[in-house]
Amino acid sequence: MRDFVYHRPATLDEARRLAFGEGAMLLAGGQTLLRDMKRGRHSPESLVDVTGLVPGRIESRDGAVVIGAGATHAEVAGSALLRERLPVLAALAGHIGDPAVRHRGTLGGALAANEPAGDYPSACLALGATVHTTEREVVATEFFAGHCRTVLEPGEIVTAVTFPAVRQAAWVKFLNPAARYAMVGVFAALAADGSPRVAVTGARVDGAFRWREAEAALTAAFVAGGLRDIHLPPDGLLEDLFADAAYRGHLAGVLARRAVALAAGPAPGVMVLSHGSRAGTDIRQ
Amino acid sequence: MPEVSMTVNGRAVRGAVEWRALLVDFLREGLGLTGTHVGCDTTQCGACIVHVNGLAVKSCTMLALQCEGAAVTTIEGLAPPGAPLHPMQAAFRECHALQCGYCTSGMVMMALDIVRRLGEPDEATIREELKGNICRCTGYHNIVRAIAAGARVMTAGYK
Amino acid sequence: MDGQSGHSSPPLSWRADGRKGAAIGRPAPRLEDERLLRGGGRYVSDLIATSGPLRVKVLRSPHAHARLLAVDATEARTLPGVAAVLTAGDLAGVGDLPCDWVAPGMDVVPLHPVLARDRIRYAGEPVAAVAAETAVAAEDALAAITVACEKLPPVADQEAATGEGAPRLHDAVPDNIAFRFRRAGGDVARAFAEADVVIRRRLTNNRVTAAPLEGRAVLSDFDAGTGRLTHHTSSQLPHAHARSLAECLGLPLHKLRLVAPDIGGGFGAKLGFYAEDVICALLSMRTGRPCAWAEGRGESFFATTHGRDQIQYAELAARRDGRITGLRTRIIADIGAYAMGMGPGVPAINTGTSTTGQYQIPNVETEVIGVYTNRTPTGPYRGAGHPEATFLIERMVDELARELACDPAEVRRVNFVRSSDMPHKLPTGFTLDSGDYAANMDAALALAGYAELRQWQARLRAEGRYPGVGLATFSEGSGAAPSIAMGAIGFRRAGHESARVVVHADGRATVFCGTQSTGQGHTTSLAQIAAGVFGIALDDVEVVEGDTQAVPFGTGTFNSRSITIGGSAVYEAARRVMDKVRKIAAWKLQRRTRDLIYENGTFRPVAHPGAVVAIAHSVRKVAQKVLPVVFRRRSGFELPAPQRDAGAVTFADVAREAHLGHDLPLGMAPGLDETCFFDPKDILFDYGAHVAVVEVDAGTGHVALLRHVVVDDCGRIINPLLADGQVHGGAAQGIGQALMEAVVHGSGGEPLVSSFSDYAMPHATDLPAFETGHTEIRTRMNPLGARGVGEGATIGATPAVVNAVLDALAPLGVTDIPLPMTPMRVWQAIKRARDEQNLERGDDA
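Residue numbers (the numbering used here), protein chains in the order written: chain A, 71 to 355; chain B, -19 to 139; chain C, 1146 to 1990.
Isolated chain A, as found in the complex (with noise of 0.2 Å):
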């Protein structure tokens, strides 16, 4: 790694005047940014560790769940008050990487790093999320602004993200067999109001996205018979040694199916795919 300075700011207000500063990034969890900093895809001047300053609560509001930025992935799959209103998102949080990752590893840092087959980012898509800064609050589907980039300015931070109650969930990756995070991975919901929600992640190079034809699709109603032959188009789709665009494109039709059958079923309806694994074969429709 190159060399940096690194902060540990006693404050939240101080920790955004230096992020603020050139070449500063946030450290929370580091289990994204480390990583990279030590592949040489990072070359901060200045690291800005955020741990402790940024609340890892969860709580119920006025319906909904409120996750603070800094809970880690263990945190949130261990939440007995999740587990209990969003079953769907604890599990899909215990099923972020490993068990050592996810007690370091942040919603936050997850959400501010938008890598392309991120998990969360799909969840807020297809739940709705509304994510909560240091400045102000952004809605899900405004927050991802293309490749690893969301529309966080210099200096903000996340600290919180609401996600309402839904009728139906459910959440259905399959892992690339390298480097296990989605190959792809589809999360469906049915909204409080009754729309459907269809978000996919792990197919583009901007990250996760609403696949709106899916949607269209499964507005008559939320089953997976409405998805029938539904695949997405190779254009613009990721490829890499273990998927090609034809194969992700056909994949995002399966899971996206498999998903709304999934919702349909019992909590917590989620079902990750390992290529050698019999985890997750009980499960065809």
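These are calculated hints, taken from the structure and not from any lab test. One or more of the hints may lead you astray.
Partner residues aside, some chain C positions facing chain A, computed with beta carbon under 7 Å [what the hints assert, rightly or not]: (1) Gly1844; (2) Thr1845; (3) His1847; (4) Leu1850; (5) Leu1884; (6) Asp1903; (7) Ala1905; (8) Pro1907; (9) Asp1911; (10) Pro1968.
Using N, Cα and C, we set each Cβ at its ideal position, and we do this for glycine too.
Chain A is fixed; fit chains B and C onto it per the hints.
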């Protein structure tokens, strides 16, 4: 160069570190605790897993400075020299859960974390919980057996 | 010390081991584990971390093929903290890297420089090296080195290499063909002409990398005062690498100590002799400081030899009754940019002579063509050539079964070489020593519940699912090899293995062996052999490997030879020590050796010796009365009264006596110290059968591994825990190759894989619990009766899983899926088959 203070295996330590020093570098080179290993550069293999404030973390993806004031436990801290092996270590030995030994400290530290959180998980769960630990020698078969056996002994002790 | 030992009936001490609780055959937990579990392992990188050497970094070419015009390190040499920089120009007098296995017919061995001289031939090839105070300073210096080169068109795969107008990698090799190795027997033309069925396939065996969790690492320390080099390196062949290092640097061997401390996995990747060893040694000689290099994971994907990578054209001729009458194969093996280490011999000899597998195929023609390409050199990887051959024949046999609508187990059974026909000389040259393939396969089928599996499969198929059952059998020539044969096949190393067994004055023993464990547990298994012969506790035996100063002779660990050859050497040496121990015990108890019983570490005379004994007894008594008298007269001293009346003598008593020499049999030299070189008479064969059970998700191409059954025959098992561990780990790697592992290069020869985020290996979730069993037919080729177990499971696992997936998808008309069978490739095969058959897609969600 900044200084960092923490407790490692119950002992207060203090050292000068570069800003960019990783926790694993501080443990291995700063403190000579070479039982924790580095096996990859993408935070995947788990050979570097230690406990920080009671939680299993990948020490290759933490800055030493992030551990200021923390309590760190490495493989060397499980059983003092001369004292018998920790039950999980003993289980690994009895079950032949290590061959070259390079992934072993990370496996044992993760195993302890698994038991702390889940008590006596079944085989499928143990395999899931090892997602962040790569072994190239054992095919995981005996590691899974050892963790189940170690979990039994550890949870029996708390009954 | 002598050469090979023949053996006939088990000697007396062997029978003493046969009792229950004896060391050999016991599932003893390992002696080395306590230390490793406490974090006390000493891998080379640990020595580096705690000793403060100069850090070495290597500048590697990003281009696959280029003319190297200039390397300018002027600025780099001046940077702070930089102690030395090496480019090719600084290597005058330094030898090139050797090829240790020159395949027969390989007329030219291209030069392989330590640092590229005028040409770069693979992306990752070392171009320069820096030694500096810190790793960061070394990296900064690398960045300051400027390299001028002119890119050349690369040869990106082995079929393109021999094509018209292909770029030439080595001037002396115009067609990029490193060797052609041919083997033929019988009348192949006739067999094909008369065949009822002929099957022709083009198969590919993918390029993979061993990826041991510990990368390669070197710590080299030259002492100018004594001229001694102490060289720590993560190596599977300490003695061979010491020789190579000495040759490259012109160092006398008696001044070189090479140490392989704890090694974190090898799997064949640490058999090659690499540039970094020469570089670190040289830098230490020039700077006067210890110099250390540790491979980064990213680096490992192009700096360390890859495995496999063959394109195989196979033709099989058979009769309608299932009997295979002919096999013709043409195999194009990618050697990579250089003939390195054991590289060429692996496909030539190992693949070239094992294409017939376990089967009686009288008419065989094999041609293996080794080809240079602009990619990282290939070398041995667990199985080394045998997995490729086994994959070929096991795929073809399944193809035959499909063609004949016959059960794959039955087609195999009809074609096995029968145990009554052993020893059986293969048309390709080697001789199968012994074995019962049918019984072994039947044991695997029984363990798997094969008949029930086929019923289960039928049930699931009726539900529209895709379950598959796959078989594979294998036979691996192991325990390389008689030294004379090694020479004949172009191997630059020995075939024997040596062991020295010493018993100390307190009855404890040290075993020195030329093998090198990289996780196989020799500290325990070799100790078990010695402890078994001596009848002492396992804890009382220490094994020393991996230090050329402590162990002067050795060949090393590869081809599953450590127990068969190394263990046999240990056994023979221990047996000779034990013979001497018996003689001393007999002397003390005034008995013949055959009149002693040895139990629980103690020698006792048998109750009723016969008349002959009584006479010998008297003769001895007289001698023992005369000796003190003579001694007193000569010297004026009294001999101490011998303790003859104990009625029992312990192993430790004998050991003490052997060291003191106060009262040894007349004419016997003191000491308990024997060295044995075990040179096998021939290679032998370990074999086995795998059954893999899968279910394929047609919508996604996902494969679930439901069960994996292995019954192998490794002959006599020294430690069942360790043997099964080798089966588990070996199978995992074979499965990895089948489903997900691949080193991939772009069309420009550039590596597309540089981390575990690109290179997929099985995790715990991806593998089932293995079901293992063993048949045991002890070979006569060594006194232990052992066949070796380190590689067999890798060899059998890949084709078993491949056959299972193809079996699952046979109803869809899928006939082939290129390796590795990633989800995408499985789905593409399904899609292709469906498109071809215009099938209704159905609800495959």
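Checked hints:
Among the interface hints, the one on Gly1844/C holds; its C-beta lies about 5 Å from the nearest C-beta in chain A, closer than the 7 Å criterion. The closest approach between the C-beta of Thr1845/C and any C-beta of chain A is roughly 6 Å, which is under the 7 Å cut-off, so the hint is satisfied. Checking His1847/C against chain A by beta carbon gives a least distance of about 5 Å; that is within 7 Å, so the hint holds. Residue-level restraint check for Leu1850/C holds (minimum Cβ-Cβ distance to chain A is 5 Å; threshold 7 Å).
Checking Leu1884/C against chain A: minimum C-beta separation of about 6 Å stays under 7 Å; hint holds. Taking 7 Å as the C-beta cut-off, the interface hint given for Asp1903/C holds, the closest approach to chain A being about 5 Å. The interface hint given for Ala1905/C is met, as the beta carbon of that residue sits about 4 Å from the closest beta carbon of chain A, less than 7 Å. With a least beta-carbon distance of about 6 Å to chain A, the hint placing Pro1907/C at the interface is held under the 7 Å criterion.
With its C-beta approaching chain A no nearer than about 3 Å, Asp1911/C sits inside the 7 Å limit, and its interface hint holds. The interface hint given for Pro1968/C holds, since its Cβ lies 5 Å from the closest Cβ of chain A, which is under the 7 Å cut-off.
No hint from the list above goes unmet by this structure.
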